[in-house]
Amino acid sequence: MNRFLSRFSILALLLTGLAHPLPQASAESTNYYDLLQGDYWFLLDNGDRRRGHLLRIDDQGIELREDRGITRFIALDRIQQIHFPGAEVEEMAGELLAAENFPEARSALRALTLQRELFLPWLTDEQLWPFREFVSLLLHLEEPDEAIATVETLRPFLDDPAELQQLDEQILLAQFQRGNHEYVREEALEHVARNGPYANSMLGYYLLVHQHLGQHEYEEALWLALQPILFSHQIIPDWLPEIYTQALQAALAIEDDFQVLTLFV
Amino acid sequence: MDEVLQEAIEAFRGNDFTAAVEAFAQLERDFGQRDEFQEPDFLRRILPLQGFSLGQAGNHDQARQVFKKYLKLFSDDPKPNAFVLFQYASVLRQLDRNEAALQAFGQYARHYPERLEGALATLQVAELLFTLNRPDEAISTLRRFADSEARPELREQARLQALHRSLQQGQTETALTILTESDWDLENIPDLISLAMAALQLGEKTLQDGKSAQALTLFLMVPPHAILQREQEKRLAKLREITDPPAAGLPPQAIRFYETLERQIANQLAGLQDGEDYTGHLQLLRAQAFLRESRYREAWLLLEAIALEENFPTELREQGHYRWIVTANALELTDEALTIARNFVQRYPDSELAPQAFTLIAQTHAEARRFEEANEVLSDLIELFPDHPLAQRWLFTRGYHLVMDDDFSPARQDFRRARDEFSQSAITVSSAFWHALSLFFDRRYEDALEEFETMARTYRNHPIYPEILYRRAATHYAMEDHDQALRLLDQFLSRFERHPRTWEARVLEGDVRMGLGELNRALATFRSIPPAAGSEFVYATFQIGKILRATEDLEEMAKHFEHYLTRTDAPHRARISEALYWTGWALLRLEKPEEALALYIATISLYGNDREAGEIASLLTALERLHRTLRQENLTLRDQTLHTALAKFSEESEPPLALVRQARHLRDQFVRSETFDDWLREARAEARQEENWTWFARLSVEKANRLAAQNRSARRLQVLFQISDFAPLDQLDATALASLGEALQENGLPGARECFEKILSAFPKSLDRAVAFYHLGQDAFRQEDYRQALEYFEDFASQTPFHPLAHQTFAALGETYLKLDRPQAAIAEFEELLRDREARGRPHARALVGLGQAHELLRQPKEAIAYYQRVYTLYRAQENLLVPAYLRSAALFIELGDPKAAYRTYEEFIELGLDYPEALATAREARTHLLEKHPELTRKPSDSL
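The listed protein sequences derive, respectively, from chains S and R. Numbering of the first sequence is given in our numbering, commencing with residue 1402 and proceeding in unit increments. Numbering of the second sequence is given in our numbering, commencing with residue 55 and proceeding in unit increments.
Only true hints are included.
Here are the simulated EDC-like cross-link-like pairs (lysine to aspartate or glutamate), alpha carbons at most 20 Å apart as the crow flies:
hint, chain 1, residue 1, chain 2, residue 2
1, R, K288, R, E316
2, R, K916, R, D952
3, R, K819, R, E669
4, R, K288, S, E1564
5, R, K873, R, D839
6, R, K819, R, E845
7, R, K288, S, D1639
8, R, K873, R, E886
9, R, K288, S, D1561
Computed Cβ-Cβ distance ranges for the label pairs, DEER-style:
hint, chain 1, residue 1, chain 2, residue 2, range
10, R, R294, S, D1561, 18 to 24 Å
11, S, H1484, R, E363, 49 to 55 Å
12, S, D1561, R, E406, 48 to 54 Å
13, S, R1579, R, D239, 38 to 44 Å
14, S, D1561, R, E363, 29 to 35 Å
15, S, A1488, R, D239, 30 to 36 Å
16, R, T622, S, L1649, 45 to 51 Å
Simulated from the structure, these hints should not be mistaken for laboratory data. The beta carbon of each residue, even a glycine, is placed where N, CA and C say it ideally should be.
Full structure from sequences and hints, please.
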């Protein structure tokens, strides 16, 4: 309950001065926003279900226009669960991602996140999927600013330490893409010190090695890259394949053919 | 009958199998004879239930009979009833009727492969095969199953079983194949611990068998302890989702299977949690494997982690730390290795490994000829472990290194200690021998001789005796006591004709006889040295040439070198181009200029562009004289003569056509040029066009030398710089590198260092190394890296002491000793220079200044002043040396409390009016101070009258 209330107050902040209809679509993703129009379903605390077109939201509650034109007000603290219109957009987003049609996928995911953003406290783990995918995609497309914004929007509504760690890594990656070298270096060092060479993610090592390579410090890069490679085992952590590539790059740069061969093998 | 049947069915449903059995028995008893009871459909219904009930109630044999009856009755069915067949097989298993159970399970697996029970049946088949002592079939069965489409956790478990059973059976190769060539589904394998432990076990074994690469692959399959625990817990949790509560739809057999598996894995996990953390041990094994694979970086990282990990057991950390030293050494990071080794000794002072570690580092330094660094380590060893069994050897080795560094006096201290402070051993004898030898190298021949003679008496029957005999002879020769040297050599050669030093002794005998003027006997001695003697044979060949040259037996000389060039029985034939040159030289003097020219043209064609060939420069000089002869005597060089020379001296009996054409072209070019300079110009241009860079550089150096002789220094530099403009450095010979390097150095241009370093790395025997030593030494001196400068100058002194740069170098060497605060060494050097009459002039002046400075360091101001005074008395033309001579002597006079002498010295210096403003200002200031303190210094004697 406390967790709910703290989220609720965050949401209140989000909604402050925001008694407004749903976000307007931009020209590029009109299609998805149209698809996301429709009836919302709300499961209330007394077991009742309410369904209707969403008219407005404010810090008190939502206004719903039900069938036969009835307008109903529902207090926020009564909402247990929400089902959103336009479920097919989520499916489409998944297909677009699988087909690597990233610009379209971005539009679809953006639309989904905008649709759901105001309802974050109520979202189930499954309903958070668009946010997670959106951040990953933005980082893939090297759009760090929006990625950071989305992460920070999402963060207050997550508890799981593994998920929160992943968000931290995404912020770090975004800062890296922004070229914030000092920050990245400090955080990467912290990441390495905190997680050590047996962690699930080797992002810290990856970023530090990247910096060495950028400064043509190939010997240093190679020594550092070898650490996560060396301490890895059959359960492959994230970023290890990338680090192998970096190690190869460094070994080639210092013309250490023997090391190159061992890395290939 | 229906009532009883109903009773039986209800009991069955209620799992009251005893009651069910009773009911079925009653049914059979009371109604067994009725037709309806015998109806196939009826029997089809009740027999399975009856059989199952009997089995559950523990009446396995009766259950077997019932199921068997069923299967027989309905043997015409397309497929046997799945439930009945499986239960039949199960009770056979219970009854230990294994062959039959095997058949039954096998049958099930064949008929129902798609079912979960089919998979379980296959696993049962494998178990039964093991029970029936048919392990190979069992393992094959499991492996086939592992590659099937069955549920992933069952497949992986089967694969794991195959692995374990292979190990149990001692089928290591099979186990390795399963482990390394299977595509393990790690996400779905229930028992990760067993997999990891099998990998660890096999990894250790393959490492012991010397297959370190394979061991590494296996160790990769072993996660660290904490990670294995975590991952196994995840998989156990996943398994429990199936068993607790039992997943809906799972047949009872499957539930039992998974429950058994869960218990097994839970036990494994408990064992892992309670057991020792193997991670450190694993990392050490991996590090050992990496070391054996020469993958030193990886080894370093692991061993460093082990050494510094506080949670690991001490013994493990000690092992890791020691190997870390070994690895650092292997990476040639010897300074780091030494630091790590010292740290090791601090942490583990009682460890037996410490001396080994230090010894290894010392050896590495020594192999790289870094004797000073090696000795630093040996000194640590001797100090830290004075009673160690290897202490005597360390002392001897340190002394040996000092000899290599020409530091003979401290070397002898070590040899003495090694000889006198330990009980008799092989090293005692070696130490005594090397003590004497170091006296020889120190030119203390009489002392050396005395010791060799003592040793000769003491070790008459020792294996070292021949060596002593040889060294005595060499010492007498060095003392110019040729008769005695000959007598001893004769003794040596007659008694020890198969000794490894035989050929050296013969060479020495030849040299002695040359020294005595017994040229014929010397000739005979040198001729007795066969090609198998290697470098001694080559030396002897050229000594014979020298003798023949001296006796002016030119025909013989030409034949001699021709024979050397054309013989096929000499495995080690060096200095070919030199031999060609001398042959040509002899031919010229035999007034066979055409043959000489043919030979030189052939030599250039064969070796002109060969970087390794020596004497090409001398050959070019000889060609210049030949060109004049050509013009004067209107010479020609016929094709036949040229061809004969090529055939004789190329390695092939019939010289290749391309070579013949090249030689002819060269001849034509040479013969038609008006002057030698014309030819030089044309040949250079052609060499450049054809990118024959070695030849181009040689011609350029010859051109540059001719321009220097004409005092055309700007043009000379131009020609030399063209070498670096066009020719890659690695195609220049030593002489070209030296000339180019000097030109670049003179003009403060980059690239000089590269040239000199190339000479040292690529030409270990060239005299031009002297140029490199000198200039690199000067460079180091200028950068105040005096230790490095010393190395270079000392290398000059030991390797090329007779080069024309000797005087400058020895002076610089002395000055370097001064900078390193080694005045005695400096004095020795400067005094040697002063004894050399050919070093008159500036080198002597430098020596005198150096001696003054050395005596200052020794706080001997009077002696210092004496040397300084000699400088400004005898060498007034050496203005830059006058400055320190005057200023230092004046300062020393002040120290000695003789202001008058100081004042006069300053005055004299100022009056010289040299163009050294700073020095003059210093002198004036000092003079002013003196006057302030001693105003009487300006009064003339007449003032007091």
